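Quick note, the sequences are listed as chains A and B, same order.
What the first sequence shows, in my numbering, is residues 1 to 365, in sequence order.
What the second sequence shows, in my numbering, is residues 1 to 175, in sequence order.
What the hints contain is simulated information worked out from the structure, not anything from laboratory work.
Each hint should be verified, as a subset may be incorrect.
As the list claims (entries may be wrong) - A short list of chain A residues far from chain B (calculated; beta carbon distances all over 10 Å):
1. R2
2. H12
3. R29
4. E89
5. A124
6. Y147
7. R157
8. L217
9. Q237
10. F240
11. L272
12. Y298
13. H324
14. L334
Claimed, not checked - Once the Cα atoms are required to be at most 25 Å apart in a straight line, the calculated DSS-like pairs of lysine-lysine come out as:
15. B:K92 / A:K319
16. A:K223 / B:K46
17. A:K81 / B:K97
18. A:K339 / B:K46
19. A:K270 / A:K289
Quick caveat, the model's predicted, so the values are computed rather than measured.
Here a beta-carbon is modelled for each residue, glycine too, at the ideal position from N, C-alpha and C.
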Amino acid sequence: MRELELYYGPQHLGMVGNFSITLGVEGDRIVKATSNPGFLHRGFEKLMEQRTWIQNFPLVCRINVVEPDHMELMYAMAVEKLAGIEVPERAQYIRSIYLELARVSSHLFGLWAYANMLGFDTVANWAMYHRDLVLDLFEELTGGRAYHIYIWPGGVRRDFPEGFKDKIVNTLHTIGSCVPDYDDTFFNNRVFEKRAKGIGKLTQKEAVEMGAVGQVLRATGMKRDIRKQEPYAAYDQVEFNVPTREDGDAYSRIWVVRDEMIESVHMIFKLLDQMPEGVAYNKVPNPFKWKIPKNEAYVRCESSRGELGLYLVSNDTDKPYRAHYRTPSFNHGLTILEKALVNESVSDVGNIMISLYITAPEIDR
Amino acid sequence: MNHLRQILKDNLLSSFEDIKINIAEENRIIIECRKESIITVLSHLKSDGFNHLSLISCVDWINENTFELVYILTAYTEDPEKGGLNLLVKTKVVRDKPTLYTVINVFSNAEPFERELHELYGIHFSGHPRLTPLLLERSYEIPPFRKDFDTRQYVEDFFKQIPTIEEKKRTNERT
Numbered sequence: 001m002r003e004l005e006l007y008y009g010p011q012h013l014g015m016v017g018n019f020s021i022t023l024g025v026e027g028d029r030i031v032k033a034t035s036n037p038g039f040l041h042r043g044f045e046k047l048m049e050q051r052t053w054i055q056n057f058p059l060v061c062r063i064n065v066v067e068p069d070h071m072e073l074m075y076a077m078a079v080e081k082l083a084g085i086e087v088p089e090r091a092q093y094i095r096s097i098y099l100e101l102a103r104v105s106s107h108l109f110g111l112w113a114y115a116n117m118l119g120f121d122t123v124a125n126w127a128m129y130h131r132d133l134v135l136d137l138f139e140e141l142t143g144g145r146a147y148h149i150y151i152w153p154g155g156v157r158r159d160f161p162e163g164f165k166d167k168i169v170n171t172l173h174t175i176g177s178c179v180p181d182y183d184d185t186f187f188n189n190r191v192f193e194k195r196a197k198g199i200g201k202l203t204q205k206e207a208v209e210m211g212a213v214g215q216v217l218r219a220t221g222m223k224r225d226i227r228k229q230e231p232y233a234a235y236d237q238v239e240f241n242v243p244t245r246e247d248g249d250a251y252s253r254i255w256v257v258r259d260e261m262i263e264s265v266h267m268i269f270k271l272l273d274q275m276p277e278g279v280a281y282n283k284v285p286n287p288f289k290w291k292i293p294k295n296e297a298y299v300r301c302e303s304s305r306g307e308l309g310l311y312l313v314s315n316d317t318d319k320p321y322r323a324h325y326r327t328p329s330f331n332h333g334l335t336i337l338e339k340a341l342v343n344e345s346v347s348d349v350g351n352i353m354i355s356l357y358i359t360a361p362e363i364d365r
Numbered sequence: 001m002n003h004l005r006q007i008l009k010d011n012l013l014s015s016f017e018d019i020k021i022n023i024a025e026e027n028r029i030i031i032e033c034r035k036e037s038i039i040t041v042l043s044h045l046k047s048d049g050f051n052h053l054s055l056i057s058c059v060d061w062i063n064e065n066t067f068e069l070v071y072i073l074t075a076y077t078e079d080p081e082k083g084g085l086n087l088l089v090k091t092k093v094v095r096d097k098p099t100l101y102t103v104i105n106v107f108s109n110a111e112p113f114e115r116e117l118h119e120l121y122g123i124h125f126s127g128h129p130r131l132t133p134l135l136l137e138r139s140y141e142i143p144p145f146r147k148d149f150d151t152r153q154y155v156e157d158f159f160k161q162i163p164t165i166e167e168k169k170r171t172n173e174r175t
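If we strip away everything but chain B, and leave its shape as in the complex, we get (with noise of 0.2 Å):
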């Protein structure tokens, strides 16, 4: 395994300029990439054998002012060297206006992983053909997963605006 991740990280580094690879432990290697170069970097991977995406994470670096996307590669094949290695694509957004652009041209499965971000995170993937909301029942100024959003605020501006059993009795009486 130790000769497969050093031909991988040669050949990245040999690819791209501004890419940062750290090999974290046996079977975790980290990618770090610009925001714009996200779609050159996923693609070459890809014809690299590295063509499962398993997941699209954010994480909010709320001090930093940044989100931190995660992209998760994995391999389909049957060999166990090459399939136990677990690819951690990260990159880097503002906080204050966060835009993307979608990856769906290179893994058609990231479709609904983006659409969960722009609703739980409010981050924008310019290209992509449907960010409706896929999860969540109403909308709110602060999206719900990022590190900011007050719970007991939400809970107020929406639910104590409906009226209790006791306080409906009490206008239905005078009515």
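So here's chain A without its partners, still in its complex pose (with noise of 0.2 Å):
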């Protein structure tokens, strides 16, 4: 058969994101897939040398549109790494359960993406429903909706509001009690079963090989999470299950980004429940006239897509000399999809590209 060539997106209908791949195809099968980033690339890294150390937070939250506060909170740990900033016990817990609230609403929005691709649109109104709600608590916490600027060298911005606890319990509540019924029309749904299984599979060996980090590692099998390798914030002080599964596909991993939410919820209350009292921010040196010596930086955690890295390089001025990202989408996106997307159907493209997690805006920086 003919060997056609399928560009797919970024206007494409099912492509989420500023990306485009290029399709080689043979009738419904793909051949070669070759990923074309670059629609978003704003140069952060580069903008990020050119402005003070405080200046850099509005910046680092817009690098990924859909979890602003892992990327604010690696800069944040870098910074405090170089200038030798101690951060109060209860700034960690504010810290762990405001990452645990953008991990939940983060997980509500891929969802979202990969419910409304295969067309349930009632789960994806759900999902979208719900992370509205999460929302709500981050406005009430720190002004603003989407970009939050809260976490801060030496702690938190604001400690949590009067009654803000109950809101958060109360909210996810209201998140958990719909579990059923998001098993019963969506993961539990032959229909999904039947698009997700044996889709995109990768083997643990395979997953080594190609630098995979996250839920795509996690599904298939290896229980590697950050915030039990390198602890940071307060995630040494609260007991928490890391949730993986064995096939390495679509639907596993899917399941796997459930589990995590669940898990999340349930953190958050322990998490709550032994909060101890005291001040929420440390005293850093006067913004205007901060200079941290020569030094480098290297901090990591656990995003909700994977491994989040940041190489950070000071030299005794009051910018950053170098700044270097490293974001889980960078090889899901670049490497492995180009390898899981051979030998599937065109239909499945979406499918095994949700799946993987994939932003866009992660790749480009």
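Given two chains presented individually in distinct reference frames, assemble the corresponding complex, making use of the accompanying hints.
Okay, structure coming up:
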């Protein structure tokens, strides 16, 4: 059969985000796939070199639209390491709670994209509504819905307002009470099972070989989580499970996401119970005269997509000398996607791409 | 963790000659080597269990006329002791004509990282199968992430040539 070239995205209906794939197809079967990123390249890392340490906060949260909070955390942690700033214990707990809420909101957004793409519009609308409830919490806490600029070197910008703990509990109970509905209509649905089972399959060996992290790796059976390996914030103070699956296909990846969301909710309840009293931030030096001596730091965390890292270099000036984000989608979108798409059907391109949890802004930066 | 770091250090020092090892803090080990031996050092560390290449980064030290390449390695393991270690393997290349061997044969996920550095810093990775443009729209004589890249000059060169709406109107009226 004749091989044709098919441009999939950024205008294609099945594509989520500003990303494009060039497919070589024979009939309905893909023989070759090439990722084309760059539609969203804004040069954040270069911009960061031209702004002072504090001015960078409004910038870093805009790198990835879906999960700004982990980007903030990485930058704050790297600056703390370079400047030797301590974080009070209460702030560590607040950070953990806040990051888990961010994980829930990001997973619900991912669930929206996935369900929408498969044609489960009802589930997609539920997920969007529940994400909005979490965004309401963020709005009350930080003043912003999508971008928060809440995590700060030396703690967080402000303490929890009065009665905020109860609001978190109520919101999470509302979302949690709908889990059986989600299961009935989506996760245990035979239509979903038929579309997702065996699609975009990776063995554990392949996943390790190609540098997979996060759900993509955990869906192949490996229990690797930065929150356990190199605990940051208050993750060493709390017990939690790392959900895994064995099959490594799109179906198991989405199930890992579902289990992770439920685990996050349980973790937030535990953290709220254990949260100590105290101050929520330590004072930082005057931001207008803040110079950091020559040094370097590499920090990493488990974002909702997998291992996120930041390599930050200072050079005795008031600005970073070099910043480089290690984002999970970079490898997932450019190495794994190209291999996972081969021998699949054209109708499953969006399916595989969203199940790999690829977001274009993370690749381009 | 102390024990593990010491074993790693001794092991590396006995295997390689021109190598400097610095334990910067509890979970960060800095290994400096020559650019010729980068592949052997990385494959040695990979067989030691540090089989995940997290990042390849580059710092432009313009005053010393060098690019410093940083390969960050971690381990795929459920063991928290080993999994918490970050190895930063560093090597230096001259800024004028930077060339290096690719490490794709050791870590296959190095491919996009090297493509990115090729585009943003102009470093040539010999043996790389496709050093094609990745993120940028157009190429420029100085790659954009180098410290001597002049943002204003770039804007002058590219965007001042595009006529404004008023200028377009004027030329349309004349014709």
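Verification of the supplied hints:
1. R2: holds, 25 Å
2. H12: About 20 Å separates H12 of chain A from the closest Cβ of chain B, which puts it past 10 Å; holds.
3. R29: holds, 23 Å
4. E89: Given that every Cβ of chain B is farther than 10 Å from that of E89 of chain A, nearest at about 19 Å, it holds.
5. A124: holds, 30 Å
6. Y147: Label holds. Min Cβ-Cβ 23 Å, cutoff 10 Å.
7. R157: holds, 27 Å
8. L217: L217 of chain A not clear of chain B: closest Cβ-Cβ about 8 Å, inside 10 Å.
9. Q237: Non-interface label stands for Q237 of chain A: nearest chain B Cβ at 15 Å, farther than 10 Å.
10. F240: With a cut-off of 10 Å, F240 of chain A remains clear of chain B, as the shortest Cβ separation is near 14 Å.
11. L272: Non-interface label on L272 of chain A holds, nearest chain B Cβ at 25 Å vs cutoff 10 Å.
12. Y298: Violated, since 5 Å does not exceed 10 Å.
13. H324: The claim is violated: H324 of chain A sits with its nearest Cβ about 4 Å from chain B, within 10 Å.
14. L334: For L334 of chain A, whose nearest Cβ neighbour in chain B is about 4 Å away, the distance does not exceed 10 Å, so it is violated.
15. B:K92 / A:K319: With Cα atoms ~23 Å apart, K92 of chain B and K319 of chain A stay inside 25 Å; holds.
16. A:K223 / B:K46: holds, 20 Å
17. A:K81 / B:K97: Given pair K81 of chain A, K97 of chain B is violated - Cα atoms ~34 Å apart, limit 25 Å.
18. A:K339 / B:K46: Measuring from Cα to Cα gives roughly 22 Å; hence the hint holds.
19. A:K270 / A:K289: Given that 25 Å is the threshold and the Cα spacing comes to 40 Å, the pair is violated.
Violation of the numbered hints given earlier is confined to hints 8, 12, 13, 14, 17, 19; the remaining hints are satisfied by the structure.
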